[in-house]
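Student: Taken in sequence, the protein lines are chains A and B. Sequential numbering from 66 applies to the first sequence in my numbering. Sequential numbering from 66 applies to the second sequence in my numbering.
I should point out that these hints are in silico values taken from the structure, not numbers from a laboratory. Glycine included, each C-beta is placed from N, C-alpha and C at the ideal position. Hints may be right or wrong, so weigh each one.
Said to hold, decoys possible - Just a few of them, taken from the derived set where beta-carbon distance is under 7 Å, the chain A residues facing chain B: (1) M66; (2) L82; (3) A264; (4) N439.
Unchecked claim - Sample of chain A residues with no beta-carbon within 10 Å of chain B, all distances over it, derived: (5) R363; (6) A408; (7) V441; (8) T472; (9) I486; (10) K574.
What the hints assert, rightly or not - Negatives, chain B to chain A, calculated, CB over 12 Å: (11) D74; (12) A81; (13) E229; (14) N230; (15) A341; (16) A408; (17) G473; (18) L572.
2 protein chains.
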Amino acid sequence: MEVPLLVTDFLRRAGALYADKTAVVDGSRRYSYSQLQARVHKLAHALRRLGVERGDRVCILSPNSHFFLESFYGTSLIGAVLVPLNYRLVAADHEYILNHAGVKVVLVDHELTSVIDEIRPQLKTVQHWIVAQDEGDAPAGWTDWEALVAPESETAPEAIDQDENELVSINYTSGTTARPKGVMLTHRNCTINAYGLIAHLGVRHEDVELWTLPMFHCNGWGGVYALTGVGGTHVILRAVDGPEIWRLIAEENVTFACMAPAVLRTILDTPEGQRAAVTTRPRFTVAGAPPPSAFIERLERDLGWEFLQIYGLTETAPLLTVSRPDHHTRQDDWPRRARAGVAGLGVEMVLLDDEDKPVPQDGATVGEVCARSNVVFKGYWEQPEETARAIRDGYFHTGDLGVWDATGSIHIVDRKKDVIISGGENISSPEIEDALFQHPGVLECAVIGVPHEKWGETPKALVVLREGASATPDELIAFCRERLAHFKCPTSIELVEALPRTATGKLQKYKLREQFWGEGQRRVN
Amino acid sequence: MEVPLLVTDFLRRAGALYADKTAVVDGSRRYSYSQLQARVHKLAHALRRLGVERGDRVCILSPNSHFFLESFYGTSLIGAVLVPLNYRLVAADHEYILNHAGVKVVLVDHELTSVIDEIRPQLKTVQHWIVAQDEGDAPAGWTDWEALVAPESETAPEAIDQDENELVSINYTSGTTARPKGVMLTHRNCTINAYGLIAHLGVRHEDVELWTLPMFHCNGWGGVYALTGVGGTHVILRAVDGPEIWRLIAEENVTFACMAPAVLRTILDTPEGQRAAVTTRPRFTVAGAPPPSAFIERLERDLGWEFLQIYGLTETAPLLTVSRPDHHTRQDDWPRRARAGVAGLGVEMVLLDDEDKPVPQDGATVGEVCARSNVVFKGYWEQPEETARAIRDGYFHTGDLGVWDATGSIHIVDRKKDVIISGGENISSPEIEDALFQHPGVLECAVIGVPHEKWGETPKALVVLREGASATPDELIAFCRERLAHFKCPTSIELVEALPRTATGKLQKYKLREQFWGEGQRRVN
């Protein structure tokens with residue numbers, strides 16, 4: 066018997082088996098699985114009533130919240146496609162994405178409606194504007210989420226005959242150009258990824274997960290499905306704050322969390338006096354950049370908690386590799402444990418040279434990290450040429466450069482694509498360069514990622530001024546901040562005489578990065 | 066990206082990542098994952114050389130052994146279909162199955178070649194006869210496995226373009242009639258089942274599994290795939306023996322085992338003086354009948370080991386439900402923990418009445434246990450009418466009768482089909498009745514399952530003799546033993562005056578069973 070692998074199955078199971086268990090804790094609100102399921106059903110009915118049909122796009126712009134969690138299932142249940150927006154982007158980015166994806170309904174957190182109002186006239190396809198708030202009146206031009214769903218039935222909407230290769234979501238990510246790309250994830254991608262999380266991160270019924278990770282990031286990393294499927298409890302964290310995280314871990318008996326290294330640092334750096342007394346031994350899964358070894362040691366040796374490093378991309382749903390103590394990895398071998406690690410179940414990894422031939426597993430030869438798996442995305446929304454560039458000869462090419470050893474353990478050392486990853490978010494260098502080029506004094510510029518203690522990497526611009534021009538680095542940074550989301554702006558600018566180029570005039574960013582990354586092999590974080 | 070879900074992926078991963086880790090311990094032999102993989106590759110090449118093509122059937126008749134483990138992967142790698150035989154059957158059963166499945170190659174353990182030699186002239190499709198033995202000469206008419214694979218390459222055979230809905234194996238099971246049915250399991254069935262085992266049985270990298278379960282049973286329960294995929298270690302047990310099990314648990318640091326209740330009893334009943342000192346805390350998964358609560362208590366409270374009850378059938382690859390401590394189940398609620406439990410991930414369970422309507426979840430109303438899932442088999446080999454009977458209206462009908470409560474917890478109470486499950490093996494009542502009817506003194510008979518301390522159930526025959534006939538129960542049992550595999554023979558026979566029938570003359574086995582199953586609701590084990 067072949068039954069489609071659908072992400073909605075995870076909530077169906079929890080709703081049927083753990084109706085009275087706490088599904089989600091969000092501030093003072095607590096919903097059991099039957100309540101969560103009822104809310105999801107009501108949302109699905111309401112979206113249908115608004116005219117949302119199978120394949121239609123619905124976006125959500127929100128910090129973590131129970132509404133966000135509900136939106137994943139509410140859309141999938143009726144075959145709609147969720148477009149989770151990064152709330153760190155500026156209005157112009159949202160405008161591009163909403164129009165590119167052809168979004169019909171926007172679901173927006175009450176603190177972010179003004180961002181959308183700013184671009185409302187330019188949003189050609191949006192028909193409905195829903196504001197998510199637990200209380201208060203909806204602003205003008207917005208329909209209140211709770212009022213919208215109130216009249217709807219709590220029973221499951223009529224099932225549709227879905228195929229597992231239909232879309233769950235489109236996740237926009239900065240690419241090698243300034244133009245964001247919409248990563249299409251299918252039910253099959255997300256289901257297999259959730260099984261991988263359960264297998265490798267040990268997600269289980271007893272888990273209480275603190276959402277230290279933004280739900281918009283990599284489709285919520287699949288935790289939305291894995292944790293729900295086993296009937297665990299979601300604890301919402303709206304904004305990263307050290308003492309608040311300690312409080313929630315202690316009060317909600319948190320056992321599990323996923324985070325970028327910057328969040329791990331915030332937790333470890335919370336002063337003793339602001340730490341609540343924790344009695345659980347939470348597992349912390351870190352992705353994005355590997356944290357310094359010292360962090361892992363502090364977490365495992367000093368706190369007695371558990372550390373797991375994983376690696377993946379939005380394009381891979383995201384879990385590709387995992388690093389944990391195993392046959393080859395001692396618990397206290399912190400540097401090895403900070404690596405990307407080894408391929409998960411159902412994932413075939415290979416490091417390829419420029420001619421797409423595997424590089425030797427010698428721990429030294431650099432190759433592009435490539436993957437073949439059911440977690441690899443379906444393609445970029447309406448950008449078939451970009452899809453063909455990324456998935457070729459049966460492998461998804463991540464754009465990350467790594468080395469691997471005889472045990473299959475992968476260590477990321479550099480990035481082929483011109484992307485900076487800061488605090489877990491992708492930043493496109495060309496996008497910053499485009500902004501700088503708008504300044505009349507800028508003749509040439511190159512933006513690279515340089516190491517940053519908290520964010521892993523941060524953008525740095527090297528600028529050659531036109532003859533006679535006199536802009537200062539601070540002026541140029543301020544110029545960028547007027548045009549770009551703040552997290553994308555260079556944190557330092559250096560005025561230089563010239564940029565290193567090849568004989569054919571091609572900019573050698575590799576050489577620029579070298580001077581900032583010291584002796585080691587690694588030039589990304 | 067859609068990549069076929071193939072069971073061969075589990076060994077590919079372990080071979081690539083854990084080459085030097087012990088894959089299998091079989092007596093004095095120990096093979097690492099690279100050795101196991103090399104042996105599997107050599108077998109695959111050898112089978113190809115013998116003319117085995119995609120879709121061809123290869124059978125194995127063997128107690129647990131490293132050869133058996135190798136046969137699963139060696140066949141799947143080249144798209145061949147494994148037919149694992151139950152070594153408790155008699156030659157006539159094997160003859161039927163081998164001819165029905167049209168087997169091309171037989172792989173047979175050195176202790177069992179004579180069983181096959183007995184029926185050799187009747188096996189019309191078999192072309193090659195391979196004997197599995199670690200040492201010694203092959204008997205006449207048999208090719209030695211080691212000699213066969215010796216000249217072959219250790220590298221992976223050329224990949225074939227397999228579909229995930231192609232067959233992995235055909236597992237013959239006794240049905241409601243005397244005619245065995247071949248359960249076809251696909252790559253997709255087995256892969257999703259393995260993910261379920263990993264999720265619900267917590268199968269992990271550190272696991273050392275003792276094969277207390279025969280590998281022929283339910284396609285090895287999927288442990289062949291799940292444990293291999295995470296790089297655990299298989300410890301072979303050739304025959305169930307209490308002190309030997311204790312020795313292996315202690316010496317190999319066993320952490321995990323699957324078994325029928327009879328094996329659990331053997332382990333618990335091993336006298337103190339014959340128990341090796343165990344330092345691990347193994348998890349024991351029990352399937353088939355639920356063990357008495359006292360067994361669970363002895364295992365968890367006295368030994369400090371872990372108990373998990375699961376439920377499934379060969380037709381479901383097999384994992385359907387799992388019972389473990391959870392939101393609704395206290396650790397010491399032994400009777401609840403002995404139940405079949407709740408649906409696993411990706412499994413939709415429902416209890417249906419005779420009109421295929423769901424029965425209320427009141428813990429009292431009896432319905433047939435039905436499932437909709439990717440673990441449900443593809444159908445019965447060349448018996449489409451049986452397939453249509455078993456899978457209808459989108460649900461596989463197990464033939465087991467149960468009750469379920471508001472938490473979705475299922476308790477099996479009776480069986481719709483005329484099957485007795487003794488020591489985990491299906492026995493067809495009509496097959497025994499057919500044998501009894503061959504006796505000239507038997508006028509009428511009915512075979513039912515009655516409770517048995519060790520085997521859960523055992524067949525009992527109620528016989529009405531012809532007037533003037535004078536056979537004793539012992540004579541009738543001896544008569545059966547000449548015609549049937551020993552495990553299928555009645556262990557008791559009662560001579561009665563008449564059998565209860567409905568007005569239309571239909572035999573009421575339900576009434577017969579009542580008197581042997583006491584007060585409770587349950588009439589199967």
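Student: Against each hint, give a clear statement of whether it holds in the structure.
Tutor: Going through the hints against the structure:
Among the interface hints, the one on M66/A holds; its C-beta lies about 4 Å from the nearest C-beta in chain B, closer than the 7 Å criterion. The closest approach between the C-beta of L82/A and any C-beta of chain B is roughly 5 Å, which is under the 7 Å cut-off, so the hint is satisfied. Proximity of A264/A to chain B holds as hinted, the smallest CB-CB distance being about 5 Å (cut-off 7 Å). Interface restraint check for N439/A: the shortest CB-CB distance to chain B comes to about 5 Å, inside 7 Å, so the restraint holds.
Every CB of chain B lies more than 10 Å from the CB of R363/A, the least distance being 25 Å, so the non-interface label holds. Residue placement check: A408/A does not keep its beta carbon more than 10 Å from all beta carbons of chain B (closest about 7 Å). Distance check on V441/A: its Cβ comes as close as 4 Å (rounded) to a Cβ of chain B, failing to clear the 10 Å threshold; non-interface status is violated. Not every CB of chain B lies more than 10 Å from the CB of T472/A, the least distance being 6 Å, so the non-interface label is violated.
With a minimum CB-CB distance of about 23 Å to chain B, I486/A clears the 10 Å threshold, and the non-interface call stands. At the 10 Å boundary, the C-beta of K574/A stays outside the reach of chain B, the nearest C-beta of that chain being 29 Å off. Not every beta carbon of chain A lies more than 12 Å from that of D74/B, the smallest distance being close to 6 Å; the non-interface claim is violated. Separation of A81/B from chain A is inadequate, the least Cβ-Cβ distance of about 5 Å not exceeding the 12 Å criterion.
Its closest Cβ contact with chain A, about 9 Å, brings E229/B to no more than 12 Å, contrary to its assignment away from the interface. The Cβ of N230/B sits about 6 Å from the closest Cβ of chain A, inside the 12 Å cut-off, so the non-interface label is violated. The Cβ of A341/B sits about 25 Å from the closest Cβ of chain A, beyond the 12 Å cut-off, so the non-interface label holds. Residue placement check: A408/B does not keep its beta carbon more than 12 Å from all beta carbons of chain A (closest about 7 Å).
The non-interface label for G473/B is inconsistent with chain A: the shortest C-beta to C-beta separation is roughly 5 Å, within 12 Å. No Cβ of chain A approaches the Cβ of L572/B within 12 Å, the least distance being about 32 Å, so the stated non-interface status holds.
Checked against the numbered hints given earlier, the structure breaks hints 6, 7, 8, 11, 12, 13, 14, 16 and 17 and satisfies all the rest.
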